[in-house]
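> Sequence:
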Amino acid sequence: MNVDVEFHIRHNYAWTKLPGNVKQSLGNSQREYERMVVSYSIRNQLRYRNNLVRHIKKDERRYYEDLLRYSREHLLLYPYHLSDIIVKGLRVSPFAYYTSMMEDIMSNERSYDSLPNFTAADCLRLLGIGRNQYIDLMNQCRSSKKFFRRRPVRELLPAKAVEVTIEPWWVVQASFITEDDVKICSNPEKAAIDKIIDTGPQLAGSLDYNVVHRLYSRGFFFLDVPISDDDCIVVPPLEGFVMNRLQGDYFETLLYKIFVSIDEHTNVMELANVLEIELSLVKNAVSLYCRLGIAHKKGNQLNVESLHLSWMDAPLVNRLKSAMDPQKMLLGWEGDASHSASDADTASQEELDSSSVNSLPLAGSLSTVMHTKRIAFLFDSTLTAFLMMGNLSPNLKSHAVTMFEVGKLSDESLDSFLLELEKVNTTGEGEAQRYFDHALTLRNTILFLRHNPDLAPDPDAHPGGLALDLLRSESLLGLDPGTCSRVLNKNYALLVSMAPLSNEIRPVSSCTPQHVGPAIPEVSSIWFKLYVYHITGQGPPSLLLSKGTRLRKLPTMFQANGTLIDGDVVYIPFPFDDTEEHLEFSRENMASHPAIRALRAHLDLSHACGFVELVSPLGRAQKSRDIDRDISSVISGFESPADSGSADSFEMVVPEIESTDRNSPYRASDICTPKVPSRDPAPVCPEDWVPLEVCFGIPLFDAELNRRVCEKVARHKLCRKERLDKLLHTSRKLSLQLLDFIVRLQDPSFFASGTAVAPSIPALGEHGVPLPAVNLAFIDGRLSPWQGKLLHSVDLPAHMDHLTIPEP
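Numbering that gives the first Met the number 0 numbers the first residue of the sequence shown as 0 and each following residue consecutively.
It should be emphasised that the hints constitute simulated quantities derived from the structure, not laboratory data. Please note: incorrect hints may appear among the correct ones.
Straight-line alpha carbon distances no greater than 27 Å define the calculated DSS-like cross-link-like pairs of lysine-lysine that follow [claimed, not checked]: (1) 528 - 552; (2) 189 - 159; (3) 194 - 159; (4) 87 - 16; (5) 546 - 528; (6) 489 - 528; (7) 16 - 56; (8) 489 - 297; (9) 159 - 372; (10) 57 - 87; (11) 725 - 372; (12) 422 - 396; (13) 372 - 489; (14) 297 - 396; (15) 372 - 711; (16) 732 - 716; (17) 720 - 372; (18) 189 - 297; (19) 489 - 720; (20) 711 - 528; (21) 528 - 297.
Across the chosen pairs, the derived CB separations fall in these ranges [stated by the list, open to error]: (22) 277 - 216: 29 to 37 Å; (23) 559 - 586: 51 to 59 Å; (24) 556 - 417: 47 to 55 Å; (25) 163 - 131: 32 to 40 Å; (26) 731 - 593: 24 to 32 Å; (27) 242 - 277: 45 to 53 Å; (28) 247 - 731: 30 to 38 Å; (29) 242 - 28: 38 to 46 Å; (30) 275 - 180: 41 to 49 Å.
The beta carbon of each residue, even a glycine, is placed where N, CA and C say it ideally should be.
All chains, please: the whole structure from these sequences, using the hints.
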């Protein structure tokens, strides 16, 4: 549906008031507009009253039936904000709704993974059916079909809802209750029903605990989870959250946007203003968080003396109380909360008495406490995958799930997170070692960034340093740029990225708060690699192909390589010390490599942190040959294997050294001298090493490299305000140079004439990075257009502010 059309439907524009361009996009058809109004209203579960759909569909009951049918068929969450209509008018409780949904997917033999995440979580809460239970039910269903007559699916599903958590500050309302229903109730249950019918909705804490649960399980009561404007919400680590799939519907998208934006210092109204989303929508989302047990209110507790005695032994998670008028308890979908109660369908609901809900006094008043801005450490989904896949510790997975689903792990949860990381083993086998390394290095990084006085932009104002939040980059990208900027500016003084970030995402770009990491997304792309190769005149043979190019054989530039081997790699952390540049190049001082000197001349690496990766394409093969030759010489010195031990023990040396190589920032050949007496190690030549990439941020894949980068960040005081101001200036300069480099290389006429006249904006890829318009190759220190057979060499000047290229 057209965005403009959705905007005018959402703001209740009648056909006669639509602008001409919107009418034209609809083919000047009023019937088409009315069809879209109905479709939009049902898909977004809008209330009938106070919305445009009421002027098109005259049958209100039929509208809600269609809405409920669409929601069930598309596996949407139960519309709790319409409970007063769905439960009282249509007599469809959440339990009945999810039972019908589960029956449908089981009858069609659909996978449990077809349930969206939040829908699956609600089904588990009400029906007690998770993944394992669903598999058991499907096995029972198939076996009965195979050996006997097919057993109805409904018989396999639970007959009543499992016992759910009900908080004392939730509001209890009566559903549609008949005289026959009352006859089967006990006297205490009848008294509770009469009280609600006569005096209106009641706080659950004012009624008998057991009576409330019994009547709710029978469907005689339904629950509202009231949220007020000044409520602050806490999202603890997720427990038992179902990770299936994303649906992409309006409400799920809203839930994930609020997930990454919410914090316990921002009340609901402030959150709505930051996100620029209607307050009622934010309240509905927060209400669902509390209903599912994903979040709880932060603030003063209910007076225990005001609760019914039966609640004293109840397992209460949160005793917060919101002293709201009951007409604000029914959460409306459109407009403010006060309109929702006025839209109720029965006269009794319009005459609710506030005294019944305000019967439980507060122990104190709620207030929003001013809080200090924090540091945000930006990571990607690769890290959460390592934490979840590694089976590192029993309780670590809940934190990893929170980091992935919520997109944030706040400072308040880091203490328990660090305790779990401490339990991770330091050694593992095979791929598991990679998971262990990331977990342990993440712990060291958190300890370094969190409450570190050396990292405070203003150490006088924050002598104890700043708190730390972990943010998932992909979750921030779910926000539009303006909203993301407001969220970051409100809560954070500094952004720090892990390095390297995945090429599959678009890194966050931010001037305020300042970002210690990739300045723009293009810095994490292949374009920046080519830029580094170009300004240094060094790099491995590289080929960048435009979309649609077909390769029928291996390009000539790669045919000289007979085998595919892992090159020897060394990581050089920056910012660099002044003494490193003037020392002679050696294994211990790789920072004086000519390519790094060229980088320092063109890039400001003194106000940023990260590492330069140098590769020696022949280093691994040469080292393996040297080791084989050394082993052979040692073996030949023995008269008999029986006297010296089995020769198999020597065969273990090579994998052992290679394992050491993978786990060290300086490889074994760089920092260790072989313990074989046959010959001395060959000297290191700068020509054997070329730059592979430059990464900005704090690395997590290597403990020693991580330690050295963190030490340099603290020693060079990179987070001081004056240093950050210089980083902002140099980041802008780098961004302009890199973007100019990309735009000019996109124009084929640039290579023919040496100038690009009015370069056009290049086509963007899936992640917002420009796609190449021409094939480019870097070989023998030159970046050139590649046409398959011939390489047309073009001398590109290192300074991109003046790109005049001589005729080839």
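> Please go over all the hints and tell whether each is borne out by the structure.
Tested hints:
Note on residue 528 and residue 552: the hinted pairing holds, with a Cα-Cα distance of about 25 Å set against a maximum of 27 Å. Proximity of residue 189 to residue 159 is assessed by CA-CA distance (about 20 Å); at most 27 Å being required, the pair is judged to hold. A threshold of 27 Å between alpha carbons decides the hint, and for residue 194 with residue 159 the separation of about 25 Å falls inside it, so the pair holds. Taking the CA atoms of residue 87 and residue 16, the gap is near 35 Å; set against the 27 Å cutoff, the hint is violated.
The hinted pair formed by residue 546 and residue 528 meets the criterion: a straight-line CA distance of about 19 Å does not exceed 27 Å. Only pairs whose Cα atoms come within 27 Å are accepted, and residue 489 paired with residue 528 is rejected, the gap being roughly 34 Å. For the given pair, residue 16 sits about 19 Å from residue 56 by alpha-carbon distance, which is consistent with the 27 Å threshold. Distance restraint check for residue 489 and residue 297: the Cα-Cα separation of roughly 19 Å lies within the 27 Å cut-off, and the hinted pair is therefore satisfied.
Distance restraint check for residue 159 and residue 372: the Cα-Cα separation of roughly 47 Å exceeds the 27 Å cut-off, and the hinted pair is therefore not satisfied. Using a Cα cut-off of 27 Å, the hinted pair residue 57 and residue 87 holds, with the two alpha carbons roughly 20 Å apart. Restraint check: the Cα-Cα separation between residue 725 and residue 372 comes to about 21 Å, which is no more than 27 Å; the hinted pair holds. Note on residue 422 and residue 396: the hinted pairing holds, with a Cα-Cα distance of about 13 Å set against a maximum of 27 Å.
A hinted pair counts as satisfied when its Cα atoms are at most 27 Å apart, and residue 372 with residue 489 qualifies at roughly 7 Å. Using a Cα cut-off of 27 Å, the hinted pair residue 297 and residue 396 holds, with the two alpha carbons roughly 25 Å apart. Taken as a hint, the residue 372 and residue 711 pair is honoured in the structure, with Cα atoms around 24 Å apart against an allowance of 27 Å. At most 27 Å may separate the alpha-carbon atoms for a hinted pair to count; residue 732 and residue 716 meet this at roughly 21 Å.
Proposed proximity of residue 720 and residue 372 is supported: the alpha carbons are some 14 Å apart, at most 27 Å. About 34 Å separates the Cα atoms of residue 189 and residue 297, which puts this hinted pair outside 27 Å; it is violated. For a cut-off of 27 Å, the pair hint linking residue 489 to residue 720 stands: about 18 Å separates their Cα positions. Between residue 711 and residue 528 the alpha-carbon distance is near 24 Å, which keeps this suggested pair within the 27 Å criterion.
A C-alpha spacing of about 48 Å is found between residue 528 and residue 297, which places the hinted pair above 27 Å, so the restraint is violated. For the pair residue 277 and residue 216, the supplied restraint of 29 to 37 Å holds, since their beta-carbon distance comes to about 34 Å. Between residue 559 and residue 586 the C-beta distance comes to about 28 Å, which lies outside the given range of 51 to 59 Å. Remark: the range hint 47 to 55 Å for residue 556 to residue 417 is upheld by a beta-carbon distance near 49 Å.
The hinted range of 32 to 40 Å is not satisfied by residue 163 and residue 131, whose Cβ atoms lie roughly 20 Å apart. Evaluation of the 24 to 32 Å hint for residue 731 and residue 593 yields a pass: the beta carbon distance comes to about 27 Å. The hinted window of 45 to 53 Å between residue 242 and residue 277 is violated, with their beta carbons roughly 29 Å apart. A C-beta distance of roughly 36 Å is found between residue 247 and residue 731, which places it inside the suggested range of 30 to 38 Å.
At roughly 43 Å, the beta carbons of residue 242 and residue 28 sit within the given window of 38 to 46 Å. Distance hint for residue 275 and residue 180: a CB-CB separation of about 45 Å, consistent with the stated range 41 to 49 Å.
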